[in-house]
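Those sequence lines, one after another, are chains F, X and G. Take 1 as the starting number for the first sequence in the numbering used here and just add one per residue. Take 1001 as the starting number for the second sequence in the numbering used here and just add one per residue. Take 2001 as the starting number for the third sequence in the numbering used here and just add one per residue.
Simulated from the structure, these hints should not be mistaken for lab results. Where a beta carbon is used, it is the ideal one built from N, C-alpha and C, also for glycine. Hints are not guaranteed to be accurate.
[Unchecked claim] FRET-style restraints, in silico, Cβ to Cβ:
no. : chain 1 : residue 1 : chain 2 : residue 2 : range
1   : G       : R2191     : X       : V1066     : 53 to 59 Å
2   : F       : G133      : X       : R1106     : 32 to 38 Å
3   : X       : R1201     : G       : G2469     : 26 to 32 Å
4   : X       : G1237     : F       : G274      : 44 to 50 Å
5   : F       : G274      : X       : D1027     : 43 to 49 Å
6   : G       : E2078     : F       : E264      : 34 to 40 Å
7   : G       : G2320     : X       : R1106     : 38 to 44 Å
8   : F       : E264      : X       : S1210     : 54 to 60 Å
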Amino acid sequence: MTVLCLVEHESGVPIEASLRALTAARVLAAGPAPAADPALAGDAAQGGDAAQGGDAALAGDAALAGDAAQGGDAGLAGGPGLAAVVFGAGSLDAEVLGSYGVGVVHAVGPDPDPGYAPLAWARCLHSLMESVGAVAVVAAGTGRGAEVMAHLGAITGLPVAANCVSAEWDGIGVCRLVRQRWGGLLLEDAILEAPVALLTVAAEAVPPAPTPEPVPVEVRVVRPELDEADLAVMAAESAERASGASLATARVVVGGGRGVGGPEGFAPLEELAGLLGGVVGVSRVVTSEGWRPHTMQVGQTGTRITPEVYLACGISGAIQHMAGCSGAKHIIAVNKDPGAPMVSAADYAVIGDLHEVIPALVAALRERGLT
Amino acid sequence: MEIGVCVKRVPMVGGTIVLTPDGQEVDTRMSGFTISPHEECAVEEAVRITERLGGTVSVLTLGPAVAAEQLRDALALGAGRAVLLETDGAGWGPIATAAAIADEVRRRAEAGSGYDLLLLGNEAADTGDYQVGVRVAHLLGWPCVTGIKHIEFTEGGLRAGREYRGVSETFDLSLPAVVTVKEGINLPRYPSLPGRLRAKRAQIEVYPVSPAPEGLRTQGLRVPAATRQQARIIGTGVEAVPALVGLLDELGVLS
Amino acid sequence: MNDTPVRASAVIIGAGIVGNSLVYHLARLGWRDLVLVDKGPMPNPGGSTGHASNFIFPIEYSKMMMELTSDSTEQYIELGVFTRSGGIEVARTPERMTELRRRCTQAKSWGIPAEVIPPERVAELVPYLDPSVILGGGYFPTVGVVDSLRAGTLMREQAEQMGALTVLAGTEVTGIETVPGGRRSAVRAVRTSAGEIETSHVVICCGVWSPRVARMAGARLALTPTVHQMISVGPIGLFAGTVGEISYPIVRDVDENMYERQHGGDMEVGSYAHRPIIVSPDEIPSIEEAALSPTELPFTADDFDPQLAKALELMPELLGDEKAGIRYAINGLISMTPDGHPLLGEMPEVAGLWSAAASWIKEGPGCGRAVAEMMSGSVPTVDVHEADAARFWPGQLTVAHVRDRAREAFNKMYGIVHPAEQWESGRPSRLSPFYSRERELGAVFFETAGWERPFWYGSNERLLERYAGRLMPREAEWESRWWSPIINAEHLAMRETCGLIDLSAFAVLDVTGPAALTAMQSIAVAQLDVPAGRVVYTPFLDAEGGFRADLTVMRLGEQWFRVVTGGATGMSDAKWIVDHLPPDAVLTDLSSAWSTLGLWGPRARAVLASVTSDDVSHEGFAFGTCRPIEVGGVMVLASRISYVGELGWELHVPMESGAVLWDLLWEAGQPHALVPVGIGVYGTTGRLEKGYRAFGAELTPEYSIVEAGMARPKVKAAPFLGKEAYLRQRESAPTAVLCTLTVDDPAASGGPLRYMLGGEPILGPDGQCLADAKGRPSYVTSAGSGPSVGKHLLMAYLPPEHARVGNRLAVECMGEPFGVSVAVAGSAPLFDPDNSRIRS
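Okay, chain F solo, but in the shape it has when bound (with noise of 0.2 Å):
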């Protein structure tokens, strides 16, 4: 019983989204529960649903399918559970990938990496897929996983199911998955029935777990054999890379919002993190008015960010924006309106003018000598 599943990384690490998505995907790579009890896991993801919410019912199941993989389940899909394919893998950390409970890395050449050609990754999966025999493949719901997860959709004929939070089997065949619409904004219940499951996992909503007991790790290289064509759409990356933090990557992100007043009044949030050693994010207001460019906006059709602490300030938390901003651990609003929808959907609120309240902070944090 294979499942694989696509890991992203930079030099070697794998990204954090590709990490939830191997956290997923080891649920599919259990196995079935037993023939005996079907409704077993079922029930188990159901009430966990129920009572904590669909993150931490992922979490538990994975627990619990760690447990089942080790029990021989493994030996009932006739090979190890789960694989991942990493594209351009010189330098890559395998045992991290091993405590994530992968067993096989597939690892495709040539090295070094000719780059992102989202046709061709396409073509390796599948064949991979073909050749291991996999019921199911998984990627991270990135901007890649999605482009990638979509050609293997097209060139197998096979549907895929996009941002998944959650996912079993439920039969031969049968997968009971649990996946984000409008942003997150709905989870739908949904049913896929394929020969070979395929889809990709909400970036922001399944935290990473490891296994308790990690694997060891097997690296198989693989050199797929290619067409012309399908290296035909192939990125050229700039060799600069953006200044400084990315928004989806960075650990504090400060947002502005129409509360900011103009252009001209980013200056304090700038400063403030740049002492956080954050970036700053932008509400779509701020950009729809010629602030701020687009880049710079969190939400759902900008940025979705992930960071430790995300400090609103001046947003009112139009839904376009928390969607963006709910994968964030903390989030502290400072708005001068009590009744602001970001102040509701925030841990921590500073009633008070943006104007006053970061300026006053950033001195503060002076004074702590922070620079």
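Model the placement of chains X and G on the given structure of chain F, informed by the hints.
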């Protein structure tokens, strides 16, 4: 340049989505309808390209007769032609949707004025399937790239750019091609009054289509349980700053 | 965030323009411990104030609305949030030009600057308007725009600064607790998402949500949310350099039910032309569910598209600019009521539950002030009796009725509406027992308080020939609308023989119990300590001596009074009486148990005598008395009074026997040439010839009993409400005198004969509008034919120096002066001055 833009009629929702009592659909009794911001940008991009290079923008949608509203919205913005692939209103999966769009593209080509470029939003606002554009490209054998925030035309093709994890990447595609775009590629215009009136008068081409079952079947929708507690108010105005510093310290972001 | 107080003197729900104004006025009137609750955030909690177009035209169709608007404008000016822009109503049709002339004449009566101007002048004021599309405009230079959110914030903050107010934003009201009381329940507390607040006063200022909140206390408000579409187009090149919000006059394209109003760099285009879109208060999305705000529903472009072409026609270059986009478009929710008036005052169902609802921006602060004054027990600055929250009978409170009327009224928002225009929807709803007989006689029905009342009878067409030459037929289309010469023929027939009039719309209110006499004495001006069997006409006064009601009272027993009053004011009058009842007196509304027929004219006695064995002779049944008589098998309460100046009776009969009585009288009347007579005679021609005043027209809080010429030689010894004020009024000479005037020559204009309908200004010898020493302009309070005196009759309050019989003045009608003469100064009847007919 002949450009087709695919848009999808979706409910205009607020911060909380109301579902029908059976949990099967979004309750749209009090909501209007719109298209996703990505698609608004796709329409704008297409209009800008034809304003620069000449040609026609055709806006396509697959949906019930009422989806003509979204076609007219696009016509008001400068699209010159509108095609409704008319369904009976039932939900359609991405596989069947892509097939219907590909049929329209082929039909257009047979009529001698085929599309050079097909633009879609990166994903639909409601289903978020992230795949219709790619599937259409495979059906047509066209090159394809998704999530694009910059398009420029080159000798015999186009160059599409996007940013991925802090790195900007570009793709060269030959035409005809499929490109799905993301909000931020441009700032869409508003419809003018004359545009709106032109849109009202415009004819919409209608082709009936019928669905095929797909492997991904919705059982029901639900609103996720709130994950955050009621916010703790840590203070008012500048007096809250010491407490705020303390909180940031506690959360471990001052190191 | 403020802590939720445990207790409050009053809880005001809703922080829109009305709620904010209300807390300010309450604080100024000395209230403390007020709490203002809104589920939304400040300063824009998401109600209709937040998306209002915020412009104010001073001209209105109703005097009350004009006064509320005027008071509000003054308050906005005082707050520094008013910008004067001027405003123009443009005419695309000749009918509208005529209407604008009428409207400017009306404005003159009320002292509002107004002028009819030609297209070129419109184009000078509004250079982007195509003058070839219009025939002219009505220019109102004092039109302006306000910042209603800022006004609300300022007023709220002032109340807070006075230490009178706690504001709870983001706090939803979840219930209103009441305690059962003797006559009705009473407010005890308000439940909110932030805890319970004990209070004895709750004010509903919730705009479109108001009915939902009222239901929490078991009360009903006749209001429905309705969609008004608005778009904002920009950037407009011409407006680029605009400092502030507006630099060109607001245009109302009234014939298309639209307006165009500059808003900074944008042009706002609003429409009342689309299909009426009625929304239930329960359907309004929550703040979280709404894509914009709860009252800014998604724009339905199809409904607006036809209007775009019209707007483009009027302002082709400005709005036709391809660079200007529709940046904002909403289906905004506004409040509509069955009669277009706000809902102000305490609700009849629950003591301490107040309504300040259905008020728009233009009248918001005025409504806030009026309700604050009423809550404080004082007489409101503006007479708002037409907006009384208690004015509806139950059928008018039904959702079906409210919706019907809102649907019908919506497209008339800028319509040319005749003052007598009848509603088409929601009819019939109350039918008298005579209805089928009346229909057979070809009655033309007008509606009052839901009742179908014959205004004239088609069967009387035959009388036209008989009275030819005396009927004062109306040549001008406007005045002939909702009118028939048959009315005048019926009038003459009644005066010659006798007439039968359906008065079933009367409200019949019994006051009984040990304290009944004290109760009635304490609110009535007239002496009611009279023997049982007497009928007394009396005004009710407010504390400042202004008219609150006028009606008749029958004393039927030691502890039993029957109040008979007009249907239109019946519900308000009932609430007024209940509000002033001592504990051991009870009011029972018998309006639906009793119907009434009026039988008047020289032969009325002969007719009645032929069907009763009771003594109905002048001696046996004196004027001003009442008693039960037998008519065939029906027991009838006969009351010998008259509002038409003829011998006769009001015959009160149980509803179920009404038809029997009608048939008996009808048959008995045939030998005496009895004619069915409509309300056209009863309400206008008959009473005007007799100089009888009507509540709401001549009798308003603005004028005193003395000025109305109704002061009696003596004032009763017993105390009554308004007595002190009344005594003071008697001590000084009146500032105005109510007069009856006759029109010298209705042909004076050279065009068709013109007959005034009411509201026209009275001009002095210098051609200027007359006004009294208190600044009150003289205008026509009532107008109608006087067929028996052969003149068109007008009533008007005149300054004393002009109130001389024979004095020649003028009245302005359609922009033309018409000579008039003072026929009566004071209350003497023009027809039958010594009342010999009544007392024969």
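Check the structure against each numbered hint from earlier and tell me which ones fail, lowest number first. 1, 3, 4
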